[in-house]
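Student: Sequence:
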Amino acid sequence: MNSKINYVSADEAVSHIKSHSHIHLSSVASVPHVLIDALCRRADRGEIEDLRFHHFHTEGPAPYSDPRYEGIFFEQGFFVGPNVRKSVNAGYADYLPVHLGESQFLYRSHTIHLGAALVQVSLPDENGFVSLGTSVDCSVAAIESADLVIGVVNPNVPYAYGDLISLDKFDYLVEDNTPLVTAAFAEPTPTEVLIGKNCAALVDDGDCIQMGIGALPNALAAQLTGHKNLGLHTEMFADGLLRLIKAGVINGANKKLDRGKVVASFLLGSNDVYSFIDHNPDVLMRDIKYTNDPFVIAQNPHMKAINSATEVDITGQISADSIGTRIFSGTGGQLEFVRGATMSEGGKSITAFASRTNKGKNKIVAELNSGAGGVTPRADAHWIGTEYGAVDLYGRPLQERAKLLISIAHPDDREMLDRQAFERFGPHYHNFSI
1 MNSKINYVSA
11 DEAVSHIKSH
21 SHIHLSSVAS
31 VPHVLIDALC
41 RRADRGEIED
51 LRFHHFHTEG
61 PAPYSDPRYE
71 GIFFEQGFFV
81 GPNVRKSVNA
91 GYADYLPVHL
101 GESQFLYRSH
111 TIHLGAALVQ
121 VSLPDENGFV
131 SLGTSVDCSV
141 AAIESADLVI
151 GVVNPNVPYA
161 YGDLISLDKF
171 DYLVEDNTPL
181 VTAAFAEPTP
191 TEVLIGKNCA
201 ALVDDGDCIQ
211 MGIGALPNAL
221 AAQLTGHKNL
231 GLHTEMFADG
241 LLRLIKAGVI
251 NGANKKLDRG
261 KVVASFLLGS
271 NDVYSFIDHN
281 PDVLMRDIKY
291 TNDPFVIAQN
301 PHMKAINSAT
311 EVDITGQISA
321 DSIGTRIFSG
331 TGGQLEFVRG
341 ATMSEGGKSI
351 TAFASRTNKG
361 KNKIVAELNS
371 GAGGVTPRAD
381 AHWIGTEYGA
391 VDLYGRPLQE
401 RAKLLISIAH
411 PDDREMLDRQ
421 AFERFGPHYH
431 NFSI
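In the numbering used here, the protein residues as written are 1 to 434.
For the record, the hints were derived by calculation from the structure and aren't laboratory data.
It should be emphasised that the depicted structure is a prediction, and the values quoted were computed from it without experimental measurement.
The beta carbon of each residue, even a glycine, is placed where N, CA and C say it ideally should be.
Mixed in with the good hints, there may be bad ones.
So the derived label-pair ranges between C-beta atoms look like this [as the list claims (entries may be wrong)]:
hint : residue 1 : residue 2 : range
1    : 260       : 110       : 35 to 43 angstroms
2    : 110       : 430       : 52 to 60 angstroms
3    : 190       : 226       : 16 to 24 angstroms
4    : 94        : 19        : 16 to 24 angstroms
5    : 6         : 371       : 50 to 58 angstroms
6    : 371       : 49        : 30 to 38 angstroms
7    : 181       : 427       : 52 to 60 angstroms
8    : 253       : 378       : 32 to 40 angstroms
9    : 178       : 4         : 18 to 26 angstroms
Each computed BS3-like pair below joins lysine-lysine, with the alpha-carbon atoms no more than 25 angstroms apart [unchecked claim]:
hint : residue 1 : residue 2
10   : 246       : 256
11   : 361       : 403
12   : 361       : 197
13   : 4         : 169
14   : 197       : 246
All chains, full assembly: derive it from the sequences and hints.
Tutor: Structure below.
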């Protein structure tokens with residue numbers, strides 16, 4: 001590392017964090033665990049209390065949500081990952097609902113006044129700038145807004161172009177060489193392969209796409225290998241999309257904005273993904289304010305936004321952050337990309353999911369489970385796809401929507417759903433066909 005930088009220990013750096021502060025963490029694969037561990041040592045010595053943590057979903061240990069630190073740490077993340085889900089739903093931690101593109105505004109407007117920003121960064125370049133690597137998200141806003149900024153310089157953080165940060169923005173710098181968290185490629189199930197085929201049929205050559213991470217996006221990516229000149233403008237991408245980039249399927253040739261560039265804000269995948277973005281001029285890792293702005297998204301024609309759901313009711317209300325009252329994930333950027341895609345010339349919003357859960361419960365339902373959050377309102381619902389097909393709800397009244405959605409529900413659930421729709425809409429419901 002650069003010997004000219006005045007590094008301090010993690011314990012020294014976090015000793016300047018004050019009790020009763022709001023703390024930002026860089027997220028996903030690039031959590032600054034060395035600083036979190038140092039904060040835990042302060043907490044164990046009784047030196048600090050009432051720290052509130054904000055971030056996107058994080059990978060790895062999450063002691064800031066552990067009940068043993070009750071009254072000392074309190075998790076208030078913008079997205080709930082598996083490592084904090086149990087604590088959130090038990091009340092030892094909490095979820096702060098926000099569209100991810102607006103998370104940065106909570107900092108910049110001082111709606112949340114940050115006492116400290118804790119982020120991981122790459123080695124500096126010759127001009128004294130570092131990259132936030134795989135986790136730009138709302139960290140740029142955090143660095144701009146926090147009273148105290150601590151950076152962990154880690155050679156495993158890739159130097160990604162886009163929004164770079166000058167070293168003079170940091171109050172303290174710490175050295176660490178812990179590898180970033182990786183995620184294995186999720187192999188699609190046969191059901192997910194069918195969903196992928198139905199959604200891929202809605203994507204044309206030259207389209208610009210957005211989708212996330214997991215077996216279902218991987219299944220869709222696998223069905224796009226025969227496409228040409230796709231663009232990518234997304235919150236995040238992983239190995240499934242990387243395969244399309246390396247194969248030349250995704251080249252951004254038809255994009256009007258950031259032509260020829262892959263644009264994202266945070267990543268989680270294998271080391272191949274992280275190596276790919278390192279010093280790659282064809283990749284821009286940008287502030288979430290940019291990637292998730294519907295007006296930015298809409299500037300690329302034929303935008304296809306592909307998202308998922310925990311359940312969809314027969315009127316088109318889409319829940320994606322919760323299962324009943326149980327918080328499962330978060331609002332994310334779903335509605336931002338839904339609206340950006342539908343404003344795009346020739347764009348489409350697509351919601352894709354399996355018709356049933358792994359336990360056999362229907363995900364197309366007469367009514368959302370009590371307490372479930374409606375992430376995408378029915379007025380914003382367009383294409384809905386399952387393993388049984390895809391239907392377009394746009395411009396359709398409620399009773400037609402019900403018939404369309406029932407047609408792509410699991411066959412064993414259709415009679416029940418049809419009966420529930422009849423009970424809801426009355427005798428006229430059965431007097432027309434789609």
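Student: Each hint needs a verdict: does it hold in this structure or not?
Tutor: Hints and how they fare:
no.: 1; hint: 260 x 110: 35 to 43 angstroms; result: holds (37 angstroms)
no.: 2; hint: 110 x 430: 52 to 60 angstroms; result: holds (56 angstroms)
no.: 3; hint: 190 x 226: 16 to 24 angstroms; result: holds (20 angstroms)
no.: 4; hint: 94 x 19: 16 to 24 angstroms; result: holds (19 angstroms)
no.: 5; hint: 6 x 371: 50 to 58 angstroms; result: holds (51 angstroms)
no.: 6; hint: 371 x 49: 30 to 38 angstroms; result: holds (32 angstroms)
no.: 7; hint: 181 x 427: 52 to 60 angstroms; result: holds (56 angstroms)
no.: 8; hint: 253 x 378: 32 to 40 angstroms; result: holds (36 angstroms)
no.: 9; hint: 178 x 4: 18 to 26 angstroms; result: holds (23 angstroms)
no.: 10; hint: 246 x 256; result: holds (21 angstroms)
no.: 11; hint: 361 x 403; result: holds (19 angstroms)
no.: 12; hint: 361 x 197; result: holds (23 angstroms)
no.: 13; hint: 4 x 169; result: holds (16 angstroms)
no.: 14; hint: 197 x 246; result: holds (21 angstroms)
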